[in-house]
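Chemist: Residue-level listing of the chains:
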Amino acid sequence: MLANLDRKLFRDLRRMQGQAIAVSLVMACGLAMLIMSRSLIHSLSTARAEYYQANHFADVFASLKRAPLSLVDEIRALPGVAVVEPGVAAQVTLDIPDLDEPATGLIRSLPDLREPQLNRLFLRVGQWLQPGGHGEVLVSEAFAQANHLHPGDPVTMILNGRLQKFRIAGLVLSPEYIFEARPGSALPDNHTYGIFWMPYEELADAFDLKHAFNSLALALAPGANESLVIAALDRRLLKYGGSGAYGRSDQPSHVRVSDEIRVLTILSIGFPLIFLSVAAFMTNAVLSRLLTLQREQIAVLKAFGFENRQIVGHYLKFAFVFVLGGAVLGTLGGMVLGGQMTQMYHMFFRFPDLSFQLDQGAVALSLLVAALAATLGVLGAVRRAAKLPPAEAMRPEPPASYRPAFIERTGIAHFFANTFRMAVRNLERKPAQAGFTIAGLALATGIMVIPNCFHDSVGHILDFQWDTVQRQDVSVGLEEPSSETAKFVFRELPGVVSLEPFRYAAARIYFGPHHRQIAIQGMDPASQHERIVDSRVHVMPLPAEGLVISTKLGEILGAKLGDRLTVEFLEGRRRTVEVPLAGLSEDFSGLAAHMNRHALNRLLGEGDIITGASFCVDATAWKTFLHQLKAVPRVSWVVVKESLRRNFRETTAASINLIQSIYLTFATIVAFGVVYNNARISLAERGRELATLRVIGFSQSEVGAVLITELVILALIAVPLGLAFGTALATGIIHAVNTETVRLPTVFTLHNYAFAVSVVTIASTLSALVVLRNLKQLDLVKAMKAPE
Amino acid sequence: MLETNSPAQDTTLTAAARTPVYRARGLTKVYGTGTAEVRALAGVDLDLYPGELIVLLGPSGSGKTTLLNQLGGLDLPTDGELKYRDLDLTQADEAQLTRFRRDSVGFIFQFYNLIPSLTARENVALITEIARDPMLPEQALEMVNLGARLDHFPAQLSGGEQQRVAIARAIAKRPEVLLCDEPTGALDVKTGIVVLEAIERANRELGTLTVIITHNAVMADMADRVIHFSDGRVHDYQRNARRAAASSLKW
Numbered sequence: 000m001l002a003n004l005d006r007k008l009f010r011d012l013r014r015m016q017g018q019a020i021a022v023s024l025v026m027a028c029g030l031a032m033l034i035m036s037r038s039l040i041h042s043l044s045t046a047r048a049e050y051y052q053a054n055h056f057a058d059v060f061a062s063l064k065r066a067p068l069s070l071v072d073e074i075r076a077l078p079g080v081a082v083v084e085p086g087v088a089a090q091v092t093l094d095i096p097d098l099d100e101p102a103t104g105l106i107r108s109l110p111d112l113r114e115p116q117l118n119r120l121f122l123r124v125g126q127w128l129q130p131g132g133h134g135e136v137l138v139s140e141a142f143a144q145a146n147h148l149h150p151g152d153p154v155t156m157i158l159n160g161r162l163q164k165f166r167i168a169g170l171v172l173s174p175e176y177i178f179e180a181r182p183g184s185a186l187p188d189n190h191t192y193g194i195f196w197m198p199y200e201e202l203a204d205a206f207d208l209k210h211a212f213n214s215l216a217l218a219l220a221p222g223a224n225e226s227l228v229i230a231a232l233d234r235r236l237l238k239y240g241g242s243g244a245y246g247r248s249d250q251p252s253h254v255r256v257s258d259e260i261r262v263l264t265i266l267s268i269g270f271p272l273i274f275l276s277v278a279a280f281m282t283n284a285v286l287s288r289l290l291t292l293q294r295e296q297i298a299v300l301k302a303f304g305f306e307n308r309q310i311v312g313h314y315l316k317f318a319f320v321f322v323l324g325g326a327v328l329g330t331l332g333g334m335v336l337g338g339q340m341t342q343m344y345h346m347f348f349r350f351p352d353l354s355f356q357l358d359q360g361a362v363a364l365s366l367l368v369a370a371l372a373a374t375l376g377v378l379g380a381v382r383r384a385a386k387l388p389p390a391e392a393m394r395p396e397p398p399a400s401y402r403p404a405f406i407e408r409t410g411i412a413h414f415f416a417n418t419f420r421m422a423v424r425n426l427e428r429k430p431a432q433a434g435f436t437i438a439g440l441a442l443a444t445g446i447m448v449i450p451n452c453f454h455d456s457v458g459h460i461l462d463f464q465w466d467t468v469q470r471q472d473v474s475v476g477l478e479e480p481s482s483e484t485a486k487f488v489f490r491e492l493p494g495v496v497s498l499e500p501f502r503y504a505a506a507r508i509y510f511g512p513h514h515r516q517i518a519i520q521g522m523d524p525a526s527q528h529e530r531i532v533d534s535r536v537h538v539m540p541l542p543a544e545g546l547v548i549s550t551k552l553g554e555i556l557g558a559k560l561g562d563r564l565t566v567e568f569l570e571g572r573r574r575t576v577e578v579p580l581a582g583l584s585e586d587f588s589g590l591a592a593h594m595n596r597h598a599l600n601r602l603l604g605e606g607d608i609i610t611g612a613s614f615c616v617d618a619t620a621w622k623t624f625l626h627q628l629k630a631v632p633r634v635s636w637v638v639v640k641e642s643l644r645r646n647f648r649e650t651t652a653a654s655i656n657l658i659q660s661i662y663l664t665f666a667t668i669v670a671f672g673v674v675y676n677n678a679r680i681s682l683a684e685r686g687r688e689l690a691t692l693r694v695i696g697f698s699q700s701e702v703g704a705v706l707i708t709e710l711v712i713l714a715l716i717a718v719p720l721g722l723a724f725g726t727a728l729a730t731g732i733i734h735a736v737n738t739e740t741v742r743l744p745t746v747f748t749l750h751n752y753a754f755a756v757s758v759v760t761i762a763s764t765l766s767a768l769v770v771l772r773n774l775k776q777l778d779l780v781k782a783m784k785a786p787e
Numbered sequence: 062m063l064e065t066n067s068p069a070q071d072t073t074l075t076a077a078a079r080t081p082v083y084r085a086r087g088l089t090k091v092y093g094t095g096t097a098e099v100r101a102l103a104g105v106d107l108d109l110y111p112g113e114l115i116v117l118l119g120p121s122g123s124g125k126t127t128l129l130n131q132l133g134g135l136d137l138p139t140d141g142e143l144k145y146r147d148l149d150l151t152q153a154d155e156a157q158l159t160r161f162r163r164d165s166v167g168f169i170f171q172f173y174n175l176i177p178s179l180t181a182r183e184n185v186a187l188i189t190e191i192a193r194d195p196m197l198p199e200q201a202l203e204m205v206n207l208g209a210r211l212d213h214f215p216a217q218l219s220g221g222e223q224q225r226v227a228i229a230r231a232i233a234k235r236p237e238v239l240l241c242d243e244p245t246g247a248l249d250v251k252t253g254i255v256v257l258e259a260i261e262r263a264n265r266e267l268g269t270l271t272v273i274i275t276h277n278a279v280m281a282d283m284a285d286r287v288i289h290f291s292d293g294r295v296h297d298y299q300r301n302a303r304r305a306a307a308s309s310l311k312w
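Chains as they are written, first to last, in the working numbering: chain A, 0 to 787; chain B, 62 to 312.
The set of hints was computed from the structure by calculation and includes no laboratory data. The beta carbon of each residue, even a glycine, is placed where N, CA and C say it ideally should be. Among the clues, some could well be false.
[Stated by the list, open to error] Here are the simulated lysine-lysine pairs, DSS-like style, with alpha carbons at most 30 Å apart:
hint : chain 1 : residue 1 : chain 2 : residue 2
1    : B       : Lys144    : A       : Lys775
2    : B       : Lys251    : A       : Lys781
3    : A       : Lys784    : B       : Lys251
[To be verified] Covered, in the sense of this in silico footprint (three residues per stretch, anywhere, with C-beta under 8 Å from a C-beta of chain A), are these stretches of chain B:
hint : segment
4    : 104-117
5    : 130-141
6    : 270-282
[What the hints assert, rightly or not] FRET-style restraints, in silico, Cβ to Cβ:
hint : chain 1 : residue 1 : chain 2 : residue 2 : range
7    : A       : Ala2      : B       : Val99     : 43 to 49 Å
8    : A       : Thr374    : B       : Asp212    : 52 to 58 Å
9    : A       : Ala2      : B       : Gln152    : 49 to 55 Å
The shape of chain B in the complex, shown without the other chains (with noise of 0.2 Å):
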């Protein structure tokens, strides 16, 4: 059931989507200096794919959420190369990168980050003001079942509802790309199922490419790809036949 492919020859992609969204070759960031030098990324390559589902595995340290940072534009590498679609990422400046979030990335935090002054239906229309082609609010709220609750502020919300928000706000713009730091790091395992069965959702019917990163291997599960990352490098690659369910999941 497991195949394990070289990330440039992925045979089983159609020709239509084997354009990659991002594509990173020796991909390094190093912080600090001389004896405090630390290498977070050592020599990424990588090439995501439109609509696929990734879940990047790594011990706590191992770089996954520096490699996530740099996909984001939150944070330019040290050196190497990447390029979402036609944009140098490396060589982007302050104004590009801020439209490339606004634009295409949807991020999902761990601790949700929801502005606390903003209801739920508020801190999605935060986000359809500034983009392109939004969603209504209540559309992007609805599609995470949380219809009900527009008019909550975030202290009035569980943990599992503000990280739905976050989802609804992350995927109201109709992003391309859809970025999550250990969505149910913060969350018991049934409201994390729940949070997983709204991220799956997004990516089958928006057709994002969403990457999850997290450390916990039940979640692999999930995914198209699983990507094993260990000391700033790709240790691995695996494609699932099938994806399971996020229902499906126990852990």
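The shape of chain A in the complex, shown without the other chains (with noise of 0.2 Å):
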């Protein structure tokens, strides 16, 4: 049996349904991101821990020249080492016959009677290698897909420079591969990479490492300390040529999972939190409308013997219904979100089974929150109109009291018509619910911002490093340092326009308490492919002697020009030498550092070496360029720029599409609920007022014009203010999303400023115009009754 008073409350709600639909709407934005972010790194959690824990992902990893077998019991040995798996890995390069450009990858290989201790591969499609079989590989799912190989294709592989074919026997996912890219690129490129495995037996002879390995994972043991391990590890390793081990926190496809985990986690705190102060507070300005009106019947309720708790707790639950249907539709609007964020996932990270799945928790705390965003908006409010005594309830409130609203004290007020200075006196006299609708506006405003800045943001990435720092059309990179006359078998490839060698030499730079490993870049100091340019943009020279390093590897390192690094070569014959920092470049692209190749060589102590060269080459032989290149010995990748850019825009497109629309959606609720519930309340509060107006001669759009103002001027208060806080938030999360690898630039542009602007403008616009309508209702006769 419903209590009476509950009643009232369903029909009180049926009366203000829209407003009660717009609160719970804004609400349900936040909720539905707060429950889509949480779930989300329930989901990406959980399944990566699963993913490790089925499949032994190892905790530190190693890669090095050449070591015999034998040294792994050494390795076991060492203090906090419970598992050793050893293997080999090598570059290889594919001829995929769609594919006009040669692909390139990684091949590991598997162990030959067993199954690996460490990162074991999960199989999707397929068979398993026959134990001492022959001729068969295990493709990453990741690179069959996009090239569209099925298990019993055949594959031609370059390995070690012998061209050979293999039949696929399976498609794997690997834990180590849950990000599977390039090293060092910010997106995976499918279809030119891929990651392989093979018998150790095969790999091994095909490298000559037989009773070898060039790589290593290790477990280990409960409670050991991963730093102390890899200390000794890279002690170990250091005479068999190991360029550094490193844990989990450096492993690259584990980094880009937790870089993802810690966005969200920022998302799902700063965003929930800004749209449920706006709901609160719109819950604030419907309920104390609603007091405000039924301030008699408080009065009678209380005549009639209700307590205060009792008043109290029946208005709190108009709140509550507000925040049920916030949570209700909050949580179907985050599992929606979360289930499409989950396909464009399936874009960038291959679990085994990644699938949304809703955090319980996060749906309770949702409801948690949103009752106490709420009961704070209201409480105070709902008290304080039970606490009147019920004679003085039953007297209509005092007239509302003005005064000149600031801006005409300012001395201009002549200057205003009579209609704008109730617009602002009515604006002044209320500030909270004029900030509220301004802050609601802004918000609306600012996150549209975010995702065209994004956009905007790796167009200028796409430009900025290939066309002007990288000109050429392909790179392509030798298995082996080789002296200079390979570059003249490269000179025979047809349609080359021209060819710069480089040489990039493994290194270890080190400042002060700071060091940092990366591929030093050895160029010709005329070289017009590749150049070097500083913040402003502009071409630098490349100095004859020192290095030059990216601005960021600079912060890094905490070192200034003129500050001499030293840098520990992981290759050759492993000098450690002092250079001069010479320059600071930009790059986006991370880390970088740059030198003239023939220091760079004299360095290493080495003669006139190459490790690949960068061409351009004429359109018209492009096609033959590619088909030549894939049959070329020892080339150990192939970096085509165009294909890298097109897949970087199809990736980010597709991904920048979902954000944008999702936040579409929001700006849109936001900025429509905010002005409707404005506006409804204005039309509520003032309705007697406007009836005046109308009676005394004032047309129906000339009143309407009067609420208009104020909604005018509050929106072009917000709209800058709301750029404002986008720009900040876009720098923010951009700030935030950036890490050492993925270097994306803030760029903002009008065209974004534009669309955020337009959005809003138009969604306000509507919902104001929803709300006019009922002008045509108001009841002149209104103005003849008693006020309320």
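Using the hints, put the two chains back together into the complex; each one sits in its own frame.
Modeler: See the structure below:
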């Protein structure tokens, strides 16, 4: 049996359903964001943890030049080491029939007669490698899907300079490659880069690594100190050409998933906080209005003996109905958005099973947070109303008192029409209501800036990195450093317009307590392909001696121009030398170090050595060039600029479009809801005033203008604030998203701002029009009646 | 001293003023339908002439406010004929009604209905901004003896003062008609008299046809004509040979 007070609740709610829906929707935006991000964090971390657990993901990783398998026992004996899994990893080039350019990848070994103890694969389709079998490979699912490869298909690879044909046994996933991308690449390019596995014997044979290994994975014993193990391992691997062991926190794939979780964590706190504040205020505004209307009813209830507690409870229930509506819509919204985001993750992250899992804790949390926000929003007003002595409550509220608005006190009052004065004075009399409407509109404007900022920033990188910095069409890397004569082979390729050799050298750069591991790029001083630019995008000449490093690397090391950096080479004779810092360059691909190639070779104590070359190719000979490139032996990797750029565009476009549509929905809801609520309340509170204006001769549109003037003033204040807020927010988010390898600049364009302003303007205008339609029904006779 | 006239043959008026401002015949207003049907106006015949001061007397619920709403163009009749000069108020569209109210009618409400966010002067100026041939706001306020309180907000004025601002607002546009709905209903006697004096002065000095509706029979003495209203009909007309000054009224 419904209590009669609750019956009143439902009937009152039905009369204010438009506003109730508006409040619930804004609340739902915040809660959807909360539930989506918490659930995605839950889904990603659970999926990752289960995957790692089930497939024995290693704790420490190392690569080296070559070490005998006998070393494995020694490493296993190191304190803190539980499991050691040695293997062979090598660069490989592939000829994929449907692909013009050569694909490259990493080929890894699997133990011949047993399952690996660490980093076990997950077989998606097909079969495992036959024990003792030959000529079979397993292929990463991402690469296979992008290139339409299936179990049983043939695949041609160049292994250590020898062209060999293999059959695909199965498509697999690996916990090491949840995020599968070329090292250092910000986004996956599954068309041209893949991971492959074959039996140890066969791979070791091909690379002359029999009874030896060049990669290593370790599992730590419980309670082991990771950094001590890494230090011990590094010492042990030093003479075998170890290039530095690292833990999960530096494992590229692990880092990318963690970065995503970190960003989601920021979203799960920041966004709901802002949305719920706006929703809390809207609740306050709606309920304050209701309380004013029902002063007499409250008095009657109290006169008949209802307690303050019951009255407070009754009105709090209104707020809780909004909260409940918001929570239901928010949960549904969060599930839909989360499902779509999970779909998008499939482009970046490869799990055996990544499905969206609703975090029930987050649903409970969101209900709690929203209830708390609503209670905070209305408790004060409700308690004030309940405390009013019945006799006083029976009387209508005293007339509103006004004073000239601040802007008029500046002495320019006579410039304003009286209707404008009404608007400003009304706003000034209710600063909180005006403030939160401004906040809501600013929020809507601000969140629209974010996705376009990402879009523009990515576009800027594409142009900057690939039109200003890297002007070659294609770069080709060799398996081993070679003498400069290798470039004569390259020159024979058809259509080569220009060719510039380069030399990469793996090194650790130290300065003070900081260090980073990086490939130093040795370039010819007059390089026209790859160029170094400063922060003002001016081309810098490459100094004859000394290092030029990216600004980001300079920041990390804390080094400034003229400082002497210690460079420890991780290849060749492994020399450690001191090099002056000769320049700082702008490079959005993160960490970079450049040097004159001849100077670099001198430091390494080697002759005229190159590790690859970049090419500009005549467009008419492009296909033949790529075709013949596939047959060049000892090519370990090929990067074609245009396909990289296309891939980058497609991948970012898909994710940015999704995010944009989410933010667009939210911005529209908030702008619409806030304006609707504000206009409805103004209309209700000032119905008599507006009716009076109609009676004394104002036309419908003139009366509408009185209401609209207020909204326009609010919007004019809100929009610049919103743009500033969005700029700050986007800058903050981009800084949070940026890592050492992914460096997005913050680019804000006029187009971005114009779009944000248009979205908010259109949503607010439509909302205002919906409310203004009610002016038609404005009861003129109301002006004749007693004030409420 | 009292004489009764039929509306159509008011022989005491001069020929020039013989064209009525308002002419109503069989004016009917019905609210609701079926059993809930209320006949607020049940066939009213009425002629109102320029410059007259009319007091419309009747108990509450007699339909006098409904009649005022029809005269002011706030509401359309269900049946019958209502003309303001050449304007057929039963056929007028929204724009015509707005123009009619803006140019020709001054309204005075029982609860003043000032815009709380505007000062006395601004409340009047709000109308003078949109009117055809207005007086200065200060001039209008001077006529109601409020020249000294121009820059006060409604909340800073007494009820009588607020009503006088409302009168200034109504007369500032020099309307042909002043419609007053219980103008002293919310005021005490002394302040009520001051307000009536202001209305009387506007009628006298501006020649505005003034209709005051009230249930206070004392006010009948200040009228040129008194119309007694009951059950949605004109019950009786009465013409005063001599108007009593508002200041002489007592209730």
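Chemist: All the hints need checking, so say for each whether the structure fits it.
Modeler: We went through each hint and held it up to the structure:
{"no.": "1", "hint": "B/Lys144 - A/Lys775", "in the structure": "holds (24 Å)"}
{"no.": "2", "hint": "B/Lys251 - A/Lys781", "in the structure": "holds (28 Å)"}
{"no.": "3", "hint": "A/Lys784 - B/Lys251", "in the structure": "holds (23 Å)"}
{"no.": "4", "hint": "104-117", "in the structure": "violated (count 0)"}
{"no.": "5", "hint": "130-141", "in the structure": "holds (count 4)"}
{"no.": "6", "hint": "270-282", "in the structure": "violated (count 0)"}
{"no.": "7", "hint": "A/Ala2 - B/Val99: 43 to 49 Å", "in the structure": "violated (35 Å)"}
{"no.": "8", "hint": "A/Thr374 - B/Asp212: 52 to 58 Å", "in the structure": "violated (43 Å)"}
{"no.": "9", "hint": "A/Ala2 - B/Gln152: 49 to 55 Å", "in the structure": "holds (52 Å)"}
Violated hints, listed in ascending order, are 4, 6, 7, 8; each of the other numbered hints is respected by the structure.
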